[in-house]
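Number of protein chains: 2
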Amino acid sequence: MYTYDYLYQFTTNVFLKMGCSEHYAEIIAEVFMAAEMRGHASHGMIRIKDYFELWKAGRINVRPDVRIVHESPSTAVVDGDRSVGMVAARKSMEIAIEKADKAGTGWVATRNSNHFGIAGYYAMMALEHDMIGICLTNANPLVAPTFSISRMMGTNPIAVAIPAQNQPPFVADFATTPIARGKLAVAEKKGEKVALGFVQDKSGKPSDDPTILKSGGSMLTLGGDRLHGSHKGYCLSSIVDIFSAVFSGANFGPFVPPSVAYLPVLEKKVGEGTGHFFGAMRIDAFQPADEFKKKMDKWIETFRASIPAEGEDRVLIPGDPEREAEERIRKEGISIVPAIKDDLVKIAAELGINFQ
Amino acid sequence: MYTYDYLYQFTTNVFLKMGCSEHYAEIIAEVFMAAEMRGHASHGMIRIKDYFELWKAGRINVRPDVRIVHESPSTAVVDGDRSVGMVAARKSMEIAIEKADKAGTGWVATRNSNHFGIAGYYAMMALEHDMIGICLTNANPLVAPTFSISRMMGTNPIAVAIPAQNQPPFVADFATTPIARGKLAVAEKKGEKVALGFVQDKSGKPSDDPTILKSGGSMLTLGGDRLHGSHKGYCLSSIVDIFSAVFSGANFGPFVPPSVAYLPVLEKKVGEGTGHFFGAMRIDAFQPADEFKKKMDKWIETFRASIPAEGEDRVLIPGDPEREAEERIRKEGISIVPAIKDDLVKIAAELGINFQ
Chain A
41 MYTYDYLYQF
51 TTNVFLKMGC
61 SEHYAEIIAE
71 VFMAAEMRGH
81 ASHGMIRIKD
91 YFELWKAGRI
101 NVRPDVRIVH
111 ESPSTAVVDG
121 DRSVGMVAAR
131 KSMEIAIEKA
141 DKAGTGWVAT
151 RNSNHFGIAG
161 YYAMMALEHD
171 MIGICLTNAN
181 PLVAPTFSIS
191 RMMGTNPIAV
201 AIPAQNQPPF
211 VADFATTPIA
221 RGKLAVAEKK
231 GEKVALGFVQ
241 DKSGKPSDDP
251 TILKSGGSML
261 TLGGDRLHGS
271 HKGYCLSSIV
281 DIFSAVFSGA
291 NFGPFVPPSV
301 AYLPVLEKKV
311 GEGTGHFFGA
321 MRIDAFQPAD
331 EFKKKMDKWI
341 ETFRASIPAE
351 GEDRVLIPGD
361 PEREAEERIR
371 KEGISIVPAI
381 KDDLVKIAAE
391 LGINFQ
Chain B
41 MYTYDYLYQF
51 TTNVFLKMGC
61 SEHYAEIIAE
71 VFMAAEMRGH
81 ASHGMIRIKD
91 YFELWKAGRI
101 NVRPDVRIVH
111 ESPSTAVVDG
121 DRSVGMVAAR
131 KSMEIAIEKA
141 DKAGTGWVAT
151 RNSNHFGIAG
161 YYAMMALEHD
171 MIGICLTNAN
181 PLVAPTFSIS
191 RMMGTNPIAV
201 AIPAQNQPPF
211 VADFATTPIA
221 RGKLAVAEKK
231 GEKVALGFVQ
241 DKSGKPSDDP
251 TILKSGGSML
261 TLGGDRLHGS
271 HKGYCLSSIV
281 DIFSAVFSGA
291 NFGPFVPPSV
301 AYLPVLEKKV
311 GEGTGHFFGA
321 MRIDAFQPAD
331 EFKKKMDKWI
341 ETFRASIPAE
351 GEDRVLIPGD
361 PEREAEERIR
371 KEGISIVPAI
381 KDDLVKIAAE
391 LGINFQ
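From first to last, the protein sequence lines stand for chains A and B.
Per our numbering, the first sequence starts with residue 41, numbered consecutively.
Per our numbering, the second sequence starts with residue 41, numbered consecutively.
These are calculated hints, taken from the structure and not from any lab test.
The structure displayed is predicted, hence computed values, not measured ones.
Check the hints yourself; a few may be wrong.
For identical chains, the list gives no copy identity; a pair is met inside one copy or between any two copies.
[Unchecked claim] With a cut-off of at most 25 Å between alpha-carbon atoms, the simulated DMTMM-like pairs for lysine to aspartate or glutamate come out as follows:
(1) Lys223 to Asp360
(2) Lys229 to Glu93
(3) Lys96 to Glu134
(4) Lys233 to Glu350
(5) Lys309 to Glu341
(6) Lys338 to Glu352
(7) Lys334 to Glu307
(8) Lys371 to Glu134
(9) Lys233 to Asp121
(10) Lys338 to Asp121
(11) Lys142 to Asp360
(12) Lys242 to Glu350
(13) Lys223 to Asp248
(14) Lys233 to Asp265
(15) Lys142 to Asp324
(16) Lys229 to Asp383
(17) Lys142 to Glu111
(18) Lys245 to Asp265
(19) Lys381 to Glu366
(20) Lys223 to Asp265
(21) Lys233 to Glu367
(22) Lys338 to Glu111
(23) Lys230 to Glu307
Given these sequences and hints, build the entire structure.
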């Protein structure tokens with residue numbers, strides 16, 4: 041088991057050694073740690089290697105000039121200058137919050153960025169300002185539209201954070217696919233099949249093979265099949281892609297660059313890098329903040345009091361699982377599986393630092 | 041078969057006879073007709089009776105004072121004064137568009153409203169202004185959160201309309217449940233079962249019985265079950281509910297009033313009427329409008345060129361089915377099933393007008 045401080049310091053050091061400023065290295069480490077603490081290890085230390093390899097391949101800029109290139113009172117477009125995604129994303133959300141402070145709401149579309157970790161981190165930045173936070177991002181294409189076999193979209197997540205008074209905040213943070221890609225990797229490692237409704241084979245037939253992406257298969261959108269509303273998941277995923285990339289001038293759909301160095305940069309591009317979209321809405325642009333937050337308490341209490349189905353012991357509010365994971369991990373520490381530890385030891389050695 | 045003009049004039053007359061102003065009656069008729077023309081008959085003439093009965097029960101205000109009660113440069117809260125939903129919704133979207141014109145984006149939360157027809161109509165109002173339009177609404181509770189059997193949410197739709205240059209606009213308009221409630225009614229009338237994944241019985245077991253809502257059952261969220269991501273549908277539906285009702289001060293979740301007169305007004309309320317949420321985003325607050333619209337053409341062309349799965353002949357863009365329905369219905373006319381025609385004849389007789 042590792043402590044927060046040990047991994048935070050290690051991650052900071054990795055990015056310092058890559059050439060990031062102290063400020064940027066700390067931002068990046070904070071987002072990595074937020075993923076680990078909230079129980080989303082799939083976006084935590086396991087990804088350090090991907091960033092390290094992208095850096096070695098010259099595909100990320102460790103000294104970026106992240107800047108506004110277009111704006112209105114309530115909007116901005118930010119160019120991330122090929123930065124580590126966390127750097128462009130954090131700056132973009134800060135701009136959204138500043139805009140909201142003056143205009144009631146702030147909306148920022150960001151281009152020329154890279155993978156940014158967990159979307160929920162940026163949405164939650166709004167909470168301490170008595171604002172609602174929103175974060176979307178596109179991602180490299182693995183997902184087929186309804187009726188198609190072409191990999192056109194990422195698992196394009198949506199995160200929305202809404203503050204309450206005495207209750208913990210409402211925090212939704214979810215991919216617009218039934219499962220995250222990481223679950224396929226886990227099933228593959230265990231030699232297990234997956235349930236139908238997650239992936240299809242190269243001709244579009246339902247598949248339970250977690251390795252199917254390697255043989256021309258694709259992931260399905262939320263809903264799974266047309267009968268169960270996959271076209272709604274396709275709508276959602278498309279909206280995330282358009283807001284993130286067409287608004288900002290990033291690459292959309294099948295042109296989103298891979299977030300790993302072992303996949304080549306695509307020959308064709310329709311914009312710059314990966315795209316994100318951020319929103320901040322000042323509560324008191326709608327209702328006095330205290331009144332709103334009391335209403336949110338009431339909303340949360342009402343939904344928490346829903347009657348559980350037979351065999352279930354309780355009904356959850358979005359954000360509950362992550363908050364409970366954080367409480368547990370704060371006590372128990374962070375576990376790193378041996379294969380990931382080995383990677384980190386190797387990276388540390390290459391950079392002349394220590395990991396044990 | 042009926043013509044657009046005949047049904048538009050009839051609907052206008054119905055609402056004039058109820059006491060609406062000419063301006064309001066025409067707005068209401070236009071939204072009813074938009075549903076029919078876009079192939080969503082479930083939100084068209086079949087609903088006239090519901091509004092008529094609500095009016096007779098004194099549950100809608102035909103002479104409302106729809107007004108802003110709170111605002112910031114980019115936001116407003118509108119009180120619908122118990123109006124027919126279309127009247128409050130249209131005014132609210134107009135305000136969102138005005139706000140966007142000045143501040144880049146405009147966001148309006150509306151309370152004290154009623155059922156407003158198809159969400160897509162309001163989102164599409166933004167298109168002619170070179171804006172993106174967004175519309176959400178909550179609705180009377182039929183849907184259970186993941187792990188629950190309590191009917192806490194409506195089928196809470198999301199509509200997003202995005203303009204393109206030479207391509208038709210991208211228009212997504214979908215309930216956050218696998219199916220609309222109307223499909224259950226259709227299966228019931230035909231004496232058919234429905235697929236699993238749409239509804240559950242009163243203990244939370246999967247059900248294929250389309251009448252199950254009458255015996256304590258509930259509808260499921262998009263995703264269907266936890267394994268296939270129903271918690272993501274629950275997140276979406278919750279977000280729509282909170283934006284529509286907590287932002288505006290309307291009733292949320294299980295407190296949303298029924299949109300039919302044969303169900304009693306709830307004893308308990310936590311706000312005023314039904315709630316909606318509207319957004320308008322000026323394209324050129326992000327990108328020069330022409331550049332953006334050309335990119336949207338490219339997005340649409342790229343996705344339309346996705347390879348169809350085996351047995352499918354093409355891949356659709358959100359908005360294609362409704363546009364094609366409209367082309368067909370413009371040629372063929374609007375069909376009204378006999379039972380609905382009988383209702384309209386009776387309503388006409390009661391109001392001293394004609395329907396044949």
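*What label fits Lys371 with Glu134 when the C-alpha limit is 25 Å: within, between, both, or neither?*
Close neither inside one copy (31 Å) nor across copies (52 Å); limit 25 Å.
Query raised in the report: Given identical chains, is Lys381 near Glu366, meaning Cα to Cα at most 25 Å, within a copy, between copies, both, or neither?
Result: Answer is within: at 21 Å inside a copy they meet the 25 Å cutoff, but 59 Å across does not.
**Message:** I want to check one pair: Lys223 and Asp360. Are their C-alpha atoms no more than 25 Å apart within a copy, between two copies, both, or neither?
**Reply:** within (21 Å within a copy, 33 Å between copies)
TODO: Can you give me the call for Lys223 and Asp248, within, between, both or neither, at a CA distance of at most 25 Å?
DONE: Close inside one copy (12 Å), not across copies (29 Å); limit 25 Å.
Taking 25 Å as the upper bound on the Cα-Cα distance, should Lys309 and Glu341 be classified as within, between, both, or neither? between (48 Å within a copy, 15 Å between copies)
- [ ] Indicate which option fits the pair Lys230, Glu307 if close means a Cα-Cα distance not exceeding 25 Å: within, between, both or neither.
- [x] Neither: 35 Å inside a chain and 54 Å across chains, both beyond 25 Å.
At most 25 Å between CA atoms: does that hold for Lys338 and Glu111 within a copy, between copies, both, or neither? This pair counts as between: shortest inter-copy Cα distance 24 Å, intra-copy 37 Å.
**Asked** Using 25 Å as the alpha-carbon threshold, which applies to Lys233 and Asp265: within, between, both, or neither?
**Response** Both, since 19 Å and 18 Å are each at most 25 Å.
Under a CA distance limit of 25 Å, which applies to Lys223 and Asp265: within one copy, between copies, both, or neither? Result: close both inside a copy and across copies, 19 Å intra and 17 Å inter.
For Lys142 and Asp324, with the copy left unspecified, which applies at a CA distance of at most 25 Å: within, between, both, or neither? both (12 Å within a copy, 20 Å between copies)
* Is it within, between, both, or neither for Lys142 and Asp360, if the alpha carbons may be no more than 25 Å apart? -> For Lys142 and Asp360, the Cα distance exceeds 25 Å both inside one copy (32 Å) and across copies (39 Å).
- [ ] Could you figure out if Lys338 and Glu352 sit no more than 25 Å apart (CA to CA) within one copy, between two copies, both or neither?
- [x] within (23 Å within a copy, 47 Å between copies)
Of the hints listed earlier, those the structure fails to meet are numbers 3, 8, 9, 11, 21 and 23, in rising order.
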